[in-house]
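Colleague: Model the placement of chain P on the given structure of chain W, informed by the hints.
2 protein chains.
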Amino acid sequence: MLIVKKFGGSSVANKERIFNVASRCVEDYKAGHDVVVVLSAMGDTTDELIALAQDINPNPKKRELDMLMATGEQVSVSLMAMAMHSMDVPAVSLNAFQVQMHSTSRYGNARFKRIDKDRIMHELDSRKIVIVTGFQGINKYDDVTTLGRGGSDTTAVALAAALHADKCEIYTDVDGVYTADPRVVKNAMKLNEVTYDEMLELASLGAKVLHNRSVEMAKKYGVELVVRSSLNRSEGTVIKEKAKMEKMLITGVAADVNTARISVIGVEDKPGTAFRIFNTLAKNNINVDIILQSVGRDGTKDISFTVSQDDLKDAMNVLEEHKEALTIQQITNNPNVAKISVIGAGMMSNPGVAARMFESLYNSRININMISTSEIRITVLVDEKDVDKAMNAVHDGFIMTE
Amino acid sequence: MLIVKKFGGSSVANKERIFNVASRCVEDYKAGHDVVVVLSAMGDTTDELIALAQDINPNPKKRELDMLMATGEQVSVSLMAMAMHSMDVPAVSLNAFQVQMHSTSRYGNARFKRIDKDRIMHELDSRKIVIVTGFQGINKYDDVTTLGRGGSDTTAVALAAALHADKCEIYTDVDGVYTADPRVVKNAMKLNEVTYDEMLELASLGAKVLHNRSVEMAKKYGVELVVRSSLNRSEGTVIKEKAKMEKMLITGVAADVNTARISVIGVEDKPGTAFRIFNTLAKNNINVDIILQSVGRDGTKDISFTVSQDDLKDAMNVLEEHKEALTIQQITNNPNVAKISVIGAGMMSNPGVAARMFESLYNSRININMISTSEIRITVLVDEKDVDKAMNAVHDGFIMTE
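So the sequences go chain by chain: W and P. The first sequence begins at 22 in my numbering and counts up one residue at a time. The second sequence begins at 22 in my numbering and counts up one residue at a time.
To be clear, the hints were calculated from the coordinates, so they are not data collected in a lab. Some hints here could point you the wrong way.
Put simply, identical chains are the same to the list, so a pair is met inside one copy or across any two.
Here are the simulated BS3-like pairs of lysine-lysine, each with C-alpha atoms no more than 30 Å apart in a straight line [claimed, not checked]: (1) K83 with K149; (2) K83 with K51; (3) K82 with K149; (4) K263 with K304; (5) K304 with K344; (6) K82 with K51; (7) K82 with K36; (8) K51 with K149; (9) K207 with K241; (10) K207 with K134; (11) K344 with K291; (12) K344 with K82; (13) K83 with K261; (14) K291 with K211; (15) K406 with K240; (16) K134 with K149.
Next comes chain W alone, as it looks inside the complex (with noise of 0.2 Å):
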């Protein structure tokens, strides 16, 4: 079997932890395995780089970021090579330039392209376990670039394809995916198996258990992924194309509070105003997330939107420019809103999903400001403030009541 398996920063942060990972690859390999182990820099490696690069240049050109920050990956695969050795196990490190990870050319930001597999297949023909840099790729110019926040799970995805691996273990300080944020929700429990769309929705709405391209790219190619915990040996979560079906109506219960909610009020009720309106804000880079039209009075109409706090100010004043353009009245927001979602495959045959969840809420006293759906998943806004009563809530109606 041809194992992928990925291990975060704080995994590899001291030497202990180094031994640790090296171990549980050491096993695999013992076990008659062929073993690809992708690493993140050491602990904070990476901030500490960017606080290097900020005290001579506060805005440094990502190229040479990028330059910089690969160093962080190399660290950890040589380290971790030697670590391997002095257990008497054949092991190689290999970066970017090495395999050929070849990725666009956007520094900070690279998406993979192709992936050579001759120099890491040779490797693993000649019994070595193989330890390979995450997070970085080479561009046509032959320079070095980073794939942003969470690349290394992307690059575990991607060597998995590449070179067909049996399985993609990507290893956490959590147990697996859970029902609901455990910090949040106390009876939340840990999922088995999920499928990659419902793990997709669950990223998207701020379970940080894995970073959401490497879900993407682990659906398009068909690699099963394993998300476990590096510190015991709990079996983890399995992501795959079907799940088993579990005698569960919902996967799990998402919330993300980085929303805010924008209202345009009395905009002309005529074909187009509302493409106007989004296209603007497209046009600014301002993503718009669940949107609810409303019908106004004297041939007028009200929007409202959900943006990321972050873009509020900025989508604010966008809509400030061109506000008589748009034919727009009035701006109100509320930035203090968040979004609760129910996910699950199940929903689409069973029509009871969005009742029992609005149930739940009412039995609450929370209110719900706007309500999105897609075939998997119910999202609805409430106040910031009511949040966790909310996932509690919903997740108690939905999985305690199996």
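Modeller: Then chain P, alone, in the frame of chain W:
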């Protein structure tokens, strides 16, 4: 003019020094020159990385150690590029992969085979300062190699040769090459020019201004070297094929205290005996320097020679082991000796140099153990305790009486 400028680790040890180096490079750039900068790792980075490795594995494989150490220079070059950018000067950092600095395969002590100039020329043509990682190469396996201590000097010279640079400036923390170590000999004087051969003799005798291999390469490719200080504007010392004839018989006086003497006593006085002794030592990687052979009694002879103090123990073990086969009756050693050398192309045509050297030593009551000469060098072996006195005596005997 195309200028290659090399700065060592202490010259880029902190923000202030990085900007100092950046300024000196930008000055040349703004004067219209093409500038290539070679950097070592910041301050003590290399030693810190070695300590990090040895904490994981006391005996790390050199391949992985090179992979680890190469990150040090990559940090320096990217930070330097950021510093230049903050001064609004176009600059780009390149590592050994990006330049394609091909080396032999030997990890920890590689030598350059071929350096591609396309990428650097392309960047220079678009009027950028090019900042290259010193000390490292890539071998035929596409693996990272390092050149051994002082390797960044060699990188600078190799680049200057490949690019047909007009000048190769090596910046250090001293003003240039002196007639003797200024910390020992108070009358030491800075030289304006020396020949490659003189510099090689000086360097091999412990004048640690330049790495020997870099001088050899400069001689081979006719690269004109300048050794100067990164801390002031002093002109420095030019090293080239033919130095201007100064009115001095000798160029400098150097001492090497890392020397031990071994004597093998009562070996058979037959052809091949000496050869077999030195061949046995060579096979065990022990370098022998000055050799003195004297006729003994009863068809035997005594042979004395020097080795570096680091090799003394190994040399004694090897000789003891082969004592019988080598027909040695007795082995003695003195670990505390030092070599004092006078160097200078001028002495070839002047038979009085040796006499004057011995006279100076005699006047200072310093005992001479052994003598060795080359065309441009006379070396004597003295007791280690006499070395500073001997240096001053010999130096003043030549330099001050001109």
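Colleague: Decide, hint by hint, whether the structure agrees.
Modeller: Here's how the hints hold up against the structure:
| no. | hint | in the structure |
| --- | --- | --- |
| 1 | K83 with K149 | between (34 Å within a copy, 17 Å between copies) |
| 2 | K83 with K51 | between (41 Å within a copy, 24 Å between copies) |
| 3 | K82 with K149 | between (37 Å within a copy, 14 Å between copies) |
| 4 | K263 with K304 | neither (37 Å within a copy, 66 Å between copies) |
| 5 | K304 with K344 | within (15 Å within a copy, 87 Å between copies) |
| 6 | K82 with K51 | between (44 Å within a copy, 21 Å between copies) |
| 7 | K82 with K36 | between (33 Å within a copy, 17 Å between copies) |
| 8 | K51 with K149 | within (11 Å within a copy, 51 Å between copies) |
| 9 | K207 with K241 | neither (34 Å within a copy, 74 Å between copies) |
| 10 | K207 with K134 | neither (42 Å within a copy, 64 Å between copies) |
| 11 | K344 with K291 | within (16 Å within a copy, 106 Å between copies) |
| 12 | K344 with K82 | neither (34 Å within a copy, 66 Å between copies) |
| 13 | K83 with K261 | neither (35 Å within a copy, 41 Å between copies) |
| 14 | K291 with K211 | neither (49 Å within a copy, 86 Å between copies) |
| 15 | K406 with K240 | neither (35 Å within a copy, 75 Å between copies) |
| 16 | K134 with K149 | both (26 Å within a copy, 29 Å between copies) |
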